[in-house]
Amino acid sequence: MAMLEFANVSFSHGPKSFMDQLSFSVSEGELLGLMGPNGSGKSTILKLAAGLLSPKGGKVLVGRQMIGSYSGRERAKLVTYLPQQLDLQAPFRVGELVRMGKYPHDGSPGLTVEDALQIVGLHRKVKTRLAELSGGELRRAYIAMTLVQGARILLLDEPLASLDIKYQFDLYRLLKDIVREKGVSVIMSLHDIGMGAMLDRLILIRNGRIVSEGNPDEVITDEIVRQTYGLNDFADAYLASNRSLCRALALPG
Amino acid sequence: MKRADGSTFIIAALCVLSLCIIVVSVASGPRLLNPFILDSETCRTLLAIRLPRTAVALLMGGALGASGTILQGIFRNPMADPYILGISSGASLAASLGLMFGISLFTLSVPILAFIGAIATGAAVIILGHGWKGLQPERLLLAGVGIGFFLSALLMLVMTISVDDGLKRAILWMSGDLSMVDWELLPEGLILILSGLGLALTRRRGLNALTLGDDIAYSLGFNPARERLFLFIAASLMTAASVAMGGVVGFIGLVVPHVVRRHVGSDAAVVLPLSVVAGGTLLCLADAIGRTVAAPLELPAGVIAALIGSPYFIFLLGQGKTH
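Protein sequence lines, in the order shown, are assigned to chains A and B.
Under the working numbering, the first residue of the first sequence is numbered 18, with each subsequent residue one higher.
Under the working numbering, the first residue of the second sequence is numbered 4, with each subsequent residue one higher.
Please keep in mind that the hints were generated in silico from the structure rather than gathered at the bench.
Each hint should be verified, as a subset may be incorrect.
[What the hints assert, rightly or not] Now the in silico label distances, taken between C-beta atoms and shown as ranges:
hint: 1; chain 1: A; residue 1: Ser71; chain 2: B; residue 2: Thr163; range: 50 to 56 angstroms
hint: 2; chain 1: B; residue 1: Gly149; chain 2: A; residue 2: Gly31; range: 23 to 29 angstroms
hint: 3; chain 1: B; residue 1: Glu141; chain 2: A; residue 2: His140; range: 34 to 40 angstroms
hint: 4; chain 1: A; residue 1: Arg90; chain 2: B; residue 2: Leu20; range: 52 to 58 angstroms
[Claimed, not checked] So these bits of chain A aren't anywhere near chain B, every CB distance computed over 12 angstroms:
hint: 5; residue: Ala19
hint: 6; residue: Pro32
hint: 7; residue: Asp37
hint: 8; residue: Pro54
hint: 9; residue: Asn55
hint: 10; residue: Lys76
hint: 11; residue: Met83
hint: 12; residue: Glu91
hint: 13; residue: Pro108
hint: 14; residue: Leu147
hint: 15; residue: Arg197
hint: 16; residue: Ile227
Quantities reported herein were computed from a predicted structural model and do not represent experimental measurements.
For glycine and all other residues, C-beta sits at the position ideal for the given N, C-alpha and C.
Okay, chain A solo, but in the shape it has when bound (with noise of 0.2 angstroms):
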């Protein structure tokens, strides 16, 4: 089942088309990657899925209507996005962070506070000062709010920018671990063609189009990649680098 579907969207930023008919979906419990070189539009389809920008034409349907068409609670409880910047100095403990995942309930959410913690590994830091934690744990904190907050689809921009190796594999664990228990389908972009690789699904995207689409191994072409990003020199090099880094870190499933 469709959770999120893109139906001949297009988008401009100001009088110039940039992004045209665009039209993809998303299946319940899929964990979806969006590549595509820097400004081909991968942050505006997560804005235009989470409802924060609106599209010129076409329409974004989350769950068969329209995301446009629900009030602020019920958008919340279906959609969260995470940009790719969290603020670090934000005033906040973890504990206080997560409990803002309760602000679209009226009774009790699908997870507690505690339960969430524990699934992003932070139940020991819940009076933690968020400026105190590392961007690794800043990321999954974040995460776990959109746990007890319950969204059903989760849309983060580049959360594996500035993590090193171990903290965006812990991430991905814990991202595969959230679709398949909760059946919550993740959109994230992202720029490593490694962790690309290991995802359920990739579209690549270029100047606001769909270049490919489908199973890692089909779109992580030499050939597709290649062109999408223009890449002349060391584009070898740099494809077979990444493809033995994820062999040697491979995970189980």
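Once you've looked at the hints, dock chain B against the given chain A.
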């Protein structure tokens, strides 16, 4: 909501401290009173001078503390305080014009002029801060700073060309001098401050969410521009009421939220009411010291509050404990 360990004790200790300081404030002055032994003269002094002054100090300090908490949240800027709005400058200009030139608009008193100046400035900041995406923090901040500078320059101009004794009264008023306050404006001030605080408390979740940024606030189901507008109006009402009641008091709006967050965390549901208590208590204490320490000379409460609070704030900065 469960509070962090020790917070309950801190909240209780602050309330007890606040009550003690209220009693001290009522008792202290050029003549020491025992508020528990009431003769007719003591009653007169209490009702005419000490009680209104203490009440105004509590309300003003509380309003400024809560305004600072709101503004630091909606601007996501730890340096934001009621002055950043330009509201104090608007109130100062209007009040100073009244004090120095004896302006009387339909028999409006100086506090009323100050209130009109504050509200008019707040409205101008809101209009200028409104971009195509609604009320944006950067635009709002720039509008507040820009209007504040302009009005301050006008104020300096007015003070430069003024020669009469209204100048000294204007300077005292701008230093947070509470020696002229009475019951007159207290009911209106109380209503405005309670309205602003009530509005802010109903938006406490939005305030927390806005502190994380507009995208996250939106993701949590809020309309960031609408929340910011309501919270800005709440802060403007409280600041305007405070300035109108007793003049310009700096520092409290900037520092009190930092100190409170340092001790009880940052949830607005706790920080807002505690900023009211802490801000009110600090100004009450400052006023009590100001009218006692060099009696019969009175030192402005705003000056004393800054002298008491600044060293503690600098200590916190040195410890890296402010947010």
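Hints, verified against the model:
no.	hint	verdict
1	A:Ser71 x B:Thr163: 50 to 56 angstroms	holds, 52 angstroms
2	B:Gly149 x A:Gly31: 23 to 29 angstroms	holds, 26 angstroms
3	B:Glu141 x A:His140: 34 to 40 angstroms	holds, 37 angstroms
4	A:Arg90 x B:Leu20: 52 to 58 angstroms	violated, 40 angstroms
5	Ala19	holds, 21 angstroms
6	Pro32	holds, 15 angstroms
7	Asp37	holds, 23 angstroms
8	Pro54	holds, 23 angstroms
9	Asn55	holds, 19 angstroms
10	Lys76	holds, 20 angstroms
11	Met83	holds, 16 angstroms
12	Glu91	violated, 8 angstroms
13	Pro108	violated, 3 angstroms
14	Leu147	violated, 9 angstroms
15	Arg197	holds, 23 angstroms
16	Ile227	holds, 24 angstroms
Hints 4, 12, 13, 14 from the list above are not met by this structure, while the remaining hints are.
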